[in-house]
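Asker: One letter stands for each residue in the lines below.
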Amino acid sequence: MFKRSVTALALITLSLAGSALAAPKKVTGYGSLGIVDGKAGGTYTLALGDSPQSLNYYGVIDSNLGLVAQQMFDGLMEFNLSTYKLEPALAESVAVSSDGKTYTFKLRKDVKWSDGQAFNADDVMYTYENLIMNPEARAGDPGNFKLDGKPVEMKKVDAYTVQFVLPRAAPAFLLQQRYFIMPQHKFGNAKGAAVNNVWPSNTAPADIVGTGPFKLASYTAGQKVALTKNANYWKVDANGTKLPYLNAVEYLIIRDPQAQVAQFLAGNVDQLNITGAQFPDLKQKEVSGAAFKVFRSTALFGSPPFVAYNFDAKDATLAKLFSDVRFRRAMQGALNRERIIDTVYNGLASLPGHGVAPVNKDWYANTKPQLGNFNIAAVGTALNALGIRDTNGDGIRNLSGGKNLEFDLTYGTDSSVYPAIAAIIQSDFAKAGVKVNLKGILSSKLLSTGQSGDWEMILHAFGDQPDPELRKPIWQPGGALYYWHRTLQPAVDGGTPNLAKMAAWEKEIYAIFNDAATTTSRSTRKALYTRWQLIFAQNLPVTPLAKPENIGAVSNKYGNYIYNLGVIPGYNPVPLIFQK
Amino acid sequence: MLTYTLRRLLGMIPTILIISVVCFAVIKLQPGNFTDQYLEDPRFTRATADAIRRQLGLDQPAAVQYLRWLWGVVSRFDFGYSFFQNRPVTSVIGELLGWTVLISGLTLLVSWLVAVPLGIYTAFNRNGLGAQIANFFGYIGLAVPDFLASLLLVAFVLSLGGTNVGGILSSKYIDAPWSWPKVLDLLNHLWIPVIAIGLEGVAGLMRQMRASMLDVLTQDYVRTAKAKGLTQQKVIWRHAVRNAINPMISLAGLSLPALISGTIVASIVLNLPTIGPMLYTSLLNKDQYMALTLLMMSAVLLLLGNLLSDLLLAWSDPRVRYS
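Protein chains in written order, with our numbering: chain A, 1 to 580; chain B, 1001 to 1323.
If you're looking for bench data, these hints aren't it; they were derived computationally from the structure. Fair warning: this is a prediction, and the values are worked out from it, not measured in the lab. Any given hint could be a false lead.
Calculated lysine-lysine pairs in the BS3-like style (CA-CA distance at most 27 Å, straight line) [unchecked claim]: (1) B:Lys1028 / A:Lys314; (2) A:Lys191 / A:Lys146; (3) A:Lys235 / A:Lys39; (4) B:Lys1028 / A:Lys557; (5) A:Lys293 / B:Lys1172.
Next up, chain B with everything else stripped away, as it sits in the complex (with noise of 0.2 Å):
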């Protein structure tokens, strides 16, 4: 198992060496330059776009500010100077990190143990009518985009008096130190995110999980297993889930990435300090170094995530750890 690892983690290098290339690539050949925001104001020049471009390094030739960059990662493990906070994009990335993991790491929480057990019951009481609940709400949660689910709970907020309409901190919470209020104020402002980005999460999930169990449902163990005599507790946990769930480990790696760029919408809308939007205006204002770095987190996390989800299957299935 250690060998297997460490051969898929240096089958890695490659992989990730040519997404940077293709991602600083489709960086560079989007039209414009970093220094077009600024045009508008009166104080800046041709005088001051070129020697702006000079301290960027962005008078160089493309490879050249790409290797630099690489080089810099290799050698110092320094990912760039973002050009728009002109500071290192670690230190940048760094101050949202914490934020962006906790929400995006509790929704896809709540949105699994929610969407796990609801996709188990719905297809066991296929015909009942919590199932045909259950699945009303899920091709609701599936047809409204997490965007428009914020607004409309903001809107019921404000419609109840409520203040909590957006960010994740009451103002004066903001720079204080922790507390208890401030962790009640913090569960405050963060259902709201949860329940409107888990939301789509949940339908989704549950639907694969209702699938994958359907399928499973129909095999011949499962049949043997009820002939022999097992509970149906036994039968539903020991054979059932056991072996539907794989196809659900398998997504779960695959959704590691949206810890930094699931929710950019959302977050714009909500009002929340994560990578997000700043990944999207990064890209928008040809951010290179920046954006370069948040699109190869959210590669790596992807690359990291199939890894964890091959070797949890590995763990959780012994057919493929035999084969």
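Just chain A, with the same shape it has in the complex (with noise of 0.2 Å):
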């Protein structure tokens, strides 16, 4: 239906207006934010879930070891706080070519690693020759950097200079761009399987090097890791004063969430996200003398959560009835959206979109009214047009062979909200005539739980993006993270999907990812994409629920604090906070 097309581009250049080629970044422009000039020194100590398992942020998929890997590391792009738009870093410029398949980064000439030897591209192409791109690395992204099954080719023009050529335009591309570069010097070039191997997690501090603001102090087991100012960090602020402000970044690990909270109550900690569940008490303390603030931010990054049904349901009549729209449609009437709000979250949430969150303006179409309302006897009436009546007075609906209407919700124990969300289904479909048994399990199975089809309806959550493009495996029919729709998967990752299963509007929105993974015309995109959001509104592949804020709570001894969700490459607010 959307015919693949490629708009004409001129030659977008995106660099910092008025600075010279060796000069360091000014960070400006956030006075929206609060943001003033800070003053030199002081230490912020955070929480860390649990010990980073490596010092290689390429070695291992692990949230702790990005988190301290994100204020060691910087990428070529990065982030605007406030806006979300995409600035170069560790470029200092980037020109895409007019037919939108040639990136060439320029890259800054001042930038020292923090043992004080130069950056260039052969760190560049370094990282990712033999880290981005290499299938063996277990933390790698090889899988950007194939399109249609063809490999970007990358190459290096002179020694700050690098160049990627695309078998096609992709207009995300640049947004995957903010990958943290690593030392070549320090990898040995490295290369294969071997490079999982570099920088284990009792690596000396002094081995461990980065361009970011900050580099590792100490690193104790189990307990502490320590970072401290990188005197050679490239950003300045708007008085050309260096960045970072604080002299020492420590996190102290503390593996459960009470814990986290008791230390922060403490003082030991100085910065926590919280969830809303926890908004309350921490809030009341706030608001009864105690020395820190808790911030609400209505977020972008973050995990709105949906419940799905199996259409591949190993019943086969509920594969049936949950492959069937008017179902889906009418349970979602069963949804009390507001209680959840209210009583979960405590208030701290709003009406979910559909794959994007509201708050990012530039892709969300608003589907509120498709949204409907909780309306227990309009179910009743869509169940009964389907002809699930309750034929034998017991109270629940039967099936067309007699069989109740009875299904598993499997959701996460260990969660603040998923029990309590789960429980309100559970009582609302009841009064509907649909009995739901809650099956619980760990959150962290959940993904693997649902992969593997064993379920029939899943309360789940995947996080938001910036841009839909990087949320296709998750949205796209045939995307390796479409588990609700096990069949459409192809048979190899990459390959094509089984289209002749897809319902109707599956395949439309298989064409429009399609389309809009190669159209470089925002406005095409723009329209791809809103015509995306309507149709998963209306056929429900998943039925979000809400889109919780982001609530941070963080010490009175702190200026220009940011919410930072953490995990976000490319998002690091942290060089600015100052210790008042």
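Put the two chains together into one complex, using the hints given.
Answerer: Given below as structure tokens:
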């Protein structure tokens, strides 16, 4: 339906206005976020959920390592802290050719690694070729460098210029270039599977070298990761004062969220991200004079929970019912979003978007009317119309064979929100004559359970990202994470999904994602993704429940606090934070 | 005695082998894969999962994986790699072993030092007020799980404005060299786990000691000792306690594995850098060699504990020795 179209692009150059090539990057323009000039010094202590498993970002997928790595390394590009727009970081500028296939990054010439060595194109080449594109690296990302089965070519133009040539236009390519760049001289040119063994967690701190605002000072297993200011950092504030302001950032390793709160209340931890469930207690303490503030911020990142029905459920009758959009739409009326927002999130959540966060003004399409209202009577009418009535008078509706309409809801028990949401769904569905049995598992096993197909209804969440293209494996039918309709998935990764088994609306979404991934025209992409969100809202491959706000608590000792989800490469407000 | 000890030690080998096979089988039978935990990351693909499985040798049959591990242990004393940390299991465990032994050893010691005298006291003063109070607290200690006691103590310290609410050292001392202030800071943190975890042990041990004392006190030889005019002290320590302590020695042997796995939940709640939580995560995420090695350590400690308690019994009780 949507023809692949590549709109001619004028040469786009994102560069910092007025900055000469060998000058530090000036961090300005955040007055709207309350950013002021800070003063140097101080230590900022944060909590880390567990010991980092390695110090090599490409050696292991580990969110705790990601948090620490974020302070020690930078990528070519980064997010604007206020608008989420892309800005050059280690790159001074980037030029995109008119056909959208060639990306030329000019690197900063003034950047030094924390050990004093110069940063240059060799480091970038090494990182991309041997870490990011390396299929043996356990935390690489080679999948993003193959488009339609053809590789992205990369070359070093000169000591401070690298170029990527894509087999076809890919508008989200630039967004992905927030990968941390590693020092070639410290990786000793490791290649293949050997890269995984570089920088294990007991490496001497002096050997962990980065370009980020901080460098490793010490790592005590099970207790603490300490970072100290990197004097060679390449950013300055509006007055030209070197960033970061802080002398040190320390991470105390605290596994239990309650223990993290206790350490925060005791003043041992200076900042903490909390959930809506923990909010009232901390807010009350703030109001009664505690030396910290609790901040709410409408979230772009963060994971909105949804419920999904298994289109391929083992029980054939259920599979047929779950595949019927009329059933999914009917049951949406029994999902009491207001109650979930009020009681589970203490009001600190809002109505969800469909695949795009409502705050994401670039792409969000208003799908609120499609969310409908909580109305059990209407659910009853709709189920009656489907021929699902209570034929034996036991209060539970019966399917065509006389079997009760009864299924399992799989949810994570070790979460502050899932158990409460699951209980609300169970009780409201019961009012509509639908029996839901709760099946609790560990939250960390939700995705593998989802992908195993051994479930009927599931309560789960995927994180939102600034560009829908980044969430394609989730929302494009046949994608690796589109697990509610597994029969669509291709036999091999990257193959063509099973188009024959797609519903008409799934085919349309499939085409939309393919078209949007190759179109460089922003307005065409916007139109495509708007259409996708509307189809999503009408056909409910999954039914989103709420979009939680992000809540952070920070000690009054610190200024320039900006909420930071933490594990988003290229979004790091910590260099601006200062101790008052 | 030496031949006996050697015979026992050699006899452990087949037991340990069987335990290791069973442990490995149980770890393998658990559903899911080591790589499942990464699925949610956008960087993770099926190709990556295959590469990791190949690198870790998980594409080999389970028997091959086990035998390779066993050969490593026997030939090089190599307990395999931790998948999680990508370095030898022994180096990861080594980092935490000191703290684990210190904390567990200290809690065990404290609970014994408190429980045994209390047990003797309550047995002798069955109906006294002191014994009633001790019994009452004994029951409470038995009923309150260690993690709950930990949480209550943390809440108590917080309400008093304290800052020692978890961990074993304040942040500034963690990577500092040893000094007197650091030792004081350690003690200031250590009393919470020692009380919270030790309390649970006290109750059980005290009641065990009391019961065994009561048993002994009704024996003829105690009456005889009293009849021949021995002092109360001599009756208690030479005749009653010496006999009543036997079951406690067996118990002590059995409690050795607690050094590794006794305090998982309390360690998580109190944020202690011990091995317990690592055993938990390695089992959960199928970090198989780490889990296997820790389970084996537990098993070996149990067997050694049994042997030690048998030797101690023989030493303390001539009847055992002569038979």
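Asker: Taking the hints in turn, state whether each one holds.
Answerer: Each hint tested on the structure:
no.: 1; hint: B:Lys1028 / A:Lys314; result: 25 Å, holds
no.: 2; hint: A:Lys191 / A:Lys146; result: 19 Å, holds
no.: 3; hint: A:Lys235 / A:Lys39; result: 15 Å, holds
no.: 4; hint: B:Lys1028 / A:Lys557; result: 50 Å, violated
no.: 5; hint: A:Lys293 / B:Lys1172; result: 24 Å, holds
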